[in-house]
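2 protein chains.
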Amino acid sequence: MEFHHHGYVRTDPRIEPAAGIGLNRPEELPDEVDVLIVGAGPAGIITAAQLAQFPNVVTRIVERRSHRLEVGQADGIQARSVETFQAFGFAGRLIDEAYQLTDTEFWTPDPENPRHIVRSSTTPDTLIGVSEFPQLIVNQTRVADYLAEFARNSPARGEVDYGYEFEGLEVEDSGEYPVAVTLRRSSGPDEGAARVVRAKYVVGADGARSRVRASIGGSLQGDQADHAWGVMDVLAVTDFPDVRRKSVIQSGDGGNILVIPREGNFLVRFYVDLGEVPEDDGGAVRATGIEQIIARANTILRPFTLDVKDVSWWSVYEVAHRLTDRFDDADSHPGARRAPRVFLAGDACHTHSAKAGQGMNVSLQDGWNLAWKLGQVLSGHAPEALLPTYSDERRVIAKNLIDFDKEWSTLMAMRPEDFATPGELEDFYIATAEFPAGFMTQYQESILTAGSEHQGLATGFPLGKRFKSAPAMRVSDAVRAHLGHHHRADGRYRIYAFADADGSELNAWADWMLNGGDSPLRLFTPPGGDDDARFDVKLVAQQDYHDVDLLEVSPLFFPRLGPFRLKSYEKVWAAIPGEDIFEERGISRDGAIVVVRPDHYVANILPLTSRGELADFFRPLLNEV
Amino acid sequence: MEFHHHGYVRTDPRIEPAAGIGLNRPEELPDEVDVLIVGAGPAGIITAAQLAQFPNVVTRIVERRSHRLEVGQADGIQARSVETFQAFGFAGRLIDEAYQLTDTEFWTPDPENPRHIVRSSTTPDTLIGVSEFPQLIVNQTRVADYLAEFARNSPARGEVDYGYEFEGLEVEDSGEYPVAVTLRRSSGPDEGAARVVRAKYVVGADGARSRVRASIGGSLQGDQADHAWGVMDVLAVTDFPDVRRKSVIQSGDGGNILVIPREGNFLVRFYVDLGEVPEDDGGAVRATGIEQIIARANTILRPFTLDVKDVSWWSVYEVAHRLTDRFDDADSHPGARRAPRVFLAGDACHTHSAKAGQGMNVSLQDGWNLAWKLGQVLSGHAPEALLPTYSDERRVIAKNLIDFDKEWSTLMAMRPEDFATPGELEDFYIATAEFPAGFMTQYQESILTAGSEHQGLATGFPLGKRFKSAPAMRVSDAVRAHLGHHHRADGRYRIYAFADADGSELNAWADWMLNGGDSPLRLFTPPGGDDDARFDVKLVAQQDYHDVDLLEVSPLFFPRLGPFRLKSYEKVWAAIPGEDIFEERGISRDGAIVVVRPDHYVANILPLTSRGELADFFRPLLNEV
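Chains as they are written, first to last, in this note's numbering: chain A, 1 to 625; chain B, 1 to 625.
Worth flagging that the hints you see were computed from the coordinates, not collected in a lab. Fair warning: there could be bad hints in the mix.
[As the list claims (entries may be wrong)] Per the computed footprint, the stretches of chain A lying under chain B, defined by three or more beta-carbons under 8 Å from a beta-carbon of chain B, are: (1) 90–97; (2) 100–106; (3) 155–165; (4) 263–277; (5) 543–553; (6) 573–580; (7) 587–600.
All C-beta atoms, glycine included, are put in the ideal place defined by N, C-alpha and C.
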């Protein structure tokens, strides 16, 4: 954490100095805004949090509820999301209060007494080495709380505007604020009153029944529900020994349960199989009562019993998989595709079963992907051409999600005798574990993702996948830290210069970065501000840190910051013997340049000897100064 | 973190449900209180934080200032203090924002050019294995902020009463509230107004010039100052390469500097030697200006330069070492020693040089030691005879502190040519490193610390020293965690039952704990409440967790909690192959009972076969129910 460089900070350093519109942010929703976000769920609130880092972007987020969400239904947090929360400053706090997924237990009918279940196998849930962070279970309200705090502490001082319901929008062909949004007060003294807010861009994060989606002519498309589940969050006394471990239970009578322990050491969620829904059911299954779900759970759990003391939430649902036909409004108009003005994110784009714990996670990445792009465009750093990449990138991810979840939820609902082998469910679970952990996202070649020509220089940083962090030693203060944990959600690109063995190519590259006419630093960094305003450029040396002499390191890696033009000392790193990042991430001993985008995905890999290629890569992404 | 067991928690689980006086805490300072704490520095605020965990104890803390402290001078945080902060729930957050001490650099005159300094050696500052936590540098205001937050979130809802100055007190011989304290409003609309608050106990945490100390006839006694230092917190540009590492610099002209990098990556503290102070100086040295200190620093640092851009704080001080002649008022009255009513803590008891970073840390342990004892006595859990142990225990620690600091600050002020060997300063630094890290405290045998008869059963938990944490695996959810990180500052004793190899002795002991007539559980735990209300009893098995069958574990280790009498699942642990706590802490394979007091010190070690000894140990410490 860097602070004090603008003068002594007398309070919590997580509260950044207000700047731009944060200096005098109006409490009332203004008539004109840069970005209007509809819905304060995970997709909406992360969009607001990231945009609050751009001090001159007027972002407002409206929410139909009159107050903070108190109980939400999503609770599965992938390791990829925890990495994301690290960038938003709250991974540690969330881990402290969450349930941590480790082993998964598989229970099947006892061969000697098929009326009873027995533990058949144990599988580690978290793939060793996939991430340094665990997978968690914690209610979505806490994620939203922390993201809202980040927004509030950011320079633009983001806050949610509660009590506004979205009614409709019109996109006009011209004007600075081409989107006219009609809102209606859903609470407060002027409840029912309508008003129009004009926006440059609108983000529809308003859930599965999204009215923003409808307003751009979109719809969710997908299959019919045919299998029903009861889900309940309960406080209970039981002799089932794995009640604090994720457990997949198949009973002899064909009933299934998924046990998901919850945060706080007592609460537990049960997904209880209610069986196939006849086509002519007509919604009758939804009348299943909580007593029936508890009774069914007790049957499936035999010989164990479940004495439910308190039900904090329960529901009956039928599995459905649906995907939006559009992520933005670029195709919504007759004639040529035009620049998008309205975007959809989160459940407005994809709905599916809850049991793989995917929904909130994909929604968060939707929002983050979109938000930094909007922030850069509206701040004048990037051209508008960046915005269509949102739809291009996230549409593929949503499709993969639906496909995966269909397969998983079908297997989860099968009877034991229908499997080809007794271990089929477990085998699928293990084979696909990287997907639910959130690490299968790989963006394809585009203006944001370079071709794989130089992938060999850094094989452990696959292009288009998220930067997989590794520890290194900060030379200035001899502190070991994960490089990736310094990727704040600040909307900047990271450029890692992995040095060659003797540092000669590194020094030549650093000279060019500082002085070359086609250096991206010179082309895209506005003069007069912080030297690292657009690019966070870090050196990673191959040597042990004792052998890195700071007096010999290029001034490129001591950028001057703040009103006193102080040197930053956090850019120079060294490999750690025994956990050498060059070994662990397959970095060439000739060095390499690795470019990471603001949402952590690996954007480009180049040799240290390259020059113009780096500027060329950024030319479609950043405006020259 | 255990929560939800009283019903679903809809906000931050760190905010505990209000209880007792926290349900309707009066905003105004009442006329009668159980404990009145004077001073909201580190010693005072930790006392208030711990007492706020006792819902029925009326604690108030008054502070002369009208508001939160914004800039304090203390900044050294021992690893022992970070362990303490873990118990108060904020170790992770403080580490995130603090400077982390790792290497210490020693600079001495360049033999080839004594006008210049050169790096002579590097020493790791944190002793590997002494603690899993680092040593930190961060301003004391942040420590106070977090402790105040803990108080606010605790059941009794502690808050500081600002704007009250302590004027004096009288201790009467009888009455429920025998201490009459006169306070004066130091700010606010009624500034200057005096009032009397009656208390059962008063804690003087009002600093080196303590008026509480004076009011019980105490004084600080010690040596004269004879060496002056300039200290400054600055933002600067320098080519001195170790400006982000703790550095001990001795220059050729006899001048010394201690460099202490500060939190936030830019700020740095310099202690600059201003030399011997002549006896007839008459305070003239204190007129030294900041320009002189900066100039002196530049001379000592040659060939490097220090270009100071901003000074956030500076001072000139003369080293003095003083110790109070009393820690409570038990000896302050003619005739027999009587039960103490007034206690002193922190700087009111001991002052010394700042450079070893000791003051705040010892003050925190003063306050914590006292607070849980006051809380237990005032809640009716413990007899009043517990209270004199505060003075008995902390007086020795303070004396050790002064002795250590005298030696360290003398060495720090010596000229290079006066050392017996060139490495003498560094050798002393290494040889004594456990002291400034905070781990040399070892309480002597007393009602709170058993004799060493059974020390051999757990050689890695020395009696009277702090419980040195080690990782283990929680069986219920297969989560690896440090046992010590579950020691919340909740005023309870911990009892660890390290199992024998086959568990037979363990099971017999558990049966006795549950059913024996002389079991401490039955003698001291009030019926009807949580089973673990007084004792947090945990099992640690020798086996890998896969081999611990929860269905076979005694119900002692599944205590029932809350209105629903839910089972707690966090009491059963297993050794981890490769980092086996039995190996790492020298636990007998026949098992052992280890008792830990509420402030983490090891109180007793007994064989699993013992019975009455455990109850006998607690008899003078707890009231029977």
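Okay, the hints, checked on the actual structure:
For the segment 90–97 of chain A, the stated coverage by chain B is satisfied: 4 residues place a CB nearer than 8 Å to a CB of that chain, which reaches the threshold of 3. With 3 residues bearing a CB less than 8 Å from a CB of chain B, the segment 100–106 of chain A meets the requirement of three and the coverage assertion stands. Requiring three or more residues with a Cβ within less than 8 Å of a Cβ of chain B, the coverage given for the segment 155–165 of chain A is violated, as only 0 such residues are present. Residues of the segment 263–277 of chain A lying with their CB closer than 8 Å to a CB of chain B number 5, which satisfies the three-residue condition for coverage.
Residues of the segment 543–553 of chain A with a Cβ under 8 Å from some Cβ of chain B number 4, which satisfies the need for three, so the listed coverage holds. Counting residues of the segment 573–580 of chain A whose CB lies closer than 8 Å to any CB of chain B gives 0, which falls below the minimum of 3, so the coverage claim is violated. Here the segment 587–600 of chain A counts 0 residues with a CB under 8 Å from a CB of chain B, which misses the bar of 3, and the coverage is violated.
The structure is inconsistent with the numbered hints 3, 6 and 7, although it conforms to all the rest.
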